[in-house]
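Engineer: Kindly generate the complete structure, drawing on both the sequences and the hints.
With the sequence shown counted from 1, adding 11 to any position gets you this note's numbering.
You can trust all of the hints, since none of them are fake.
Now the in silico label distances, taken between C-beta atoms and shown as ranges: (1) Y34 <-> T197: 23 to 33 Å; (2) D132 <-> N294: 38 to 48 Å; (3) E134 <-> S26: 41 to 51 Å; (4) G155 <-> G199: 13 to 23 Å; (5) G199 <-> S146: 19 to 29 Å; (6) V207 <-> S304: 30 to 40 Å; (7) P25 <-> G199: 31 to 41 Å.
Worth flagging that the hints you see were computed from the coordinates, not collected in a lab.
Ideal Cβ positions, reconstructed from N, Cα and C, are used throughout, including at glycine.
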Amino acid sequence: MEPLSDRPWLKGWPSEVPASIEYPKEPLHWLLTRSARLFGDRAALIYEGSTYTFKELLDKAARVASSLTKLGVVKGSKVALFMLNSPDFVVCYYASLMAGATVVPLNPMLRAREATYMLEDAEVEVAIVDEETWSQLKGSAWRGKVIVAGEARPGGLSLETLATEGGLPPSVEIDPINDVAVIQYTAGTTAEPKGVMLTHFNLLSNAIAIAKVCLLREGEVQLGGLPLYHSYGMTNVMNASLYAGATVALMRRFDLEEALRTIERYKVNVWFGVPTMFIATVNHLRRCPHDLSSLRFCNSGGGPIAVSVIEEFEKVT
12 MEPLSDRPWL KGWPSEVPAS IEYPKEPLHW LLTRSARLFG DRAALIYEGS
62 TYTFKELLDK AARVASSLTK LGVVKGSKVA LFMLNSPDFV VCYYASLMAG
112 ATVVPLNPML RAREATYMLE DAEVEVAIVD EETWSQLKGS AWRGKVIVAG
162 EARPGGLSLE TLATEGGLPP SVEIDPINDV AVIQYTAGTT AEPKGVMLTH
212 FNLLSNAIAI AKVCLLREGE VQLGGLPLYH SYGMTNVMNA SLYAGATVAL
262 MRRFDLEEAL RTIERYKVNV WFGVPTMFIA TVNHLRRCPH DLSSLRFCNS
312 GGGPIAVSVI EEFEKVT
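Structural biologist: See below:
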């Protein structure tokens, strides 16, 4: 293998970005256990005015993992997360992984028929919903265990009860290279959605790469406006921030005015978004100024963005 110094693309490589990365062969939930150990009582999430530390997230995830095991979840079981953004999404994501399950994140905007197809196709045994998605699932033909985050519903187990009653997390042996952590469904624009199998090592290495290449820093604040069920928000917002020790100012769903107020209030440094978010920001700031000077790094993904929008965004921020 040629030495790194001989690779032509490294001639203009930013000095602060590593030219190569050694990825630990650990299960994906190592991100949470590591961050709780390193960053403990620092804020991992800010949500609707409340702060959640790295340690608090790990403690609740461990207790929920214990309860999932008591419900019959074992290595290889499929647990669906049919939820909007919330701290409970983060907790249940990592709790499922700690229990050895494969996470199946679903778009909370799915109709009952669409959700049923994915739940049955992935052979999901347990679905975790919130108060808004409960109604969609209630009307579906899928029959499995349902856990409700928020107020308990008839026929649904309470997430808070499971978190209270749970004990120590189970000990599950994971092969990071081969074991599937997440089944991510495609959009299904030309055919039925397909479940894409993503391994623990796949997602762990992606999160670490994003954190290092985008220079995410401990103590910085990232805007959590992307949906966490989507691979973009899951990796770039949730997982990468956990690895870096950054705080995510999490939004239940994206709202432009709320996003701009959040950036001002919490001095947000990093924003991963899509072109429509940045276009809307440019148009809005022409009429209603906001102080976005805390932003250090923004990334637009999911589609092309015009150079003129980038230039105007840089001017107004």
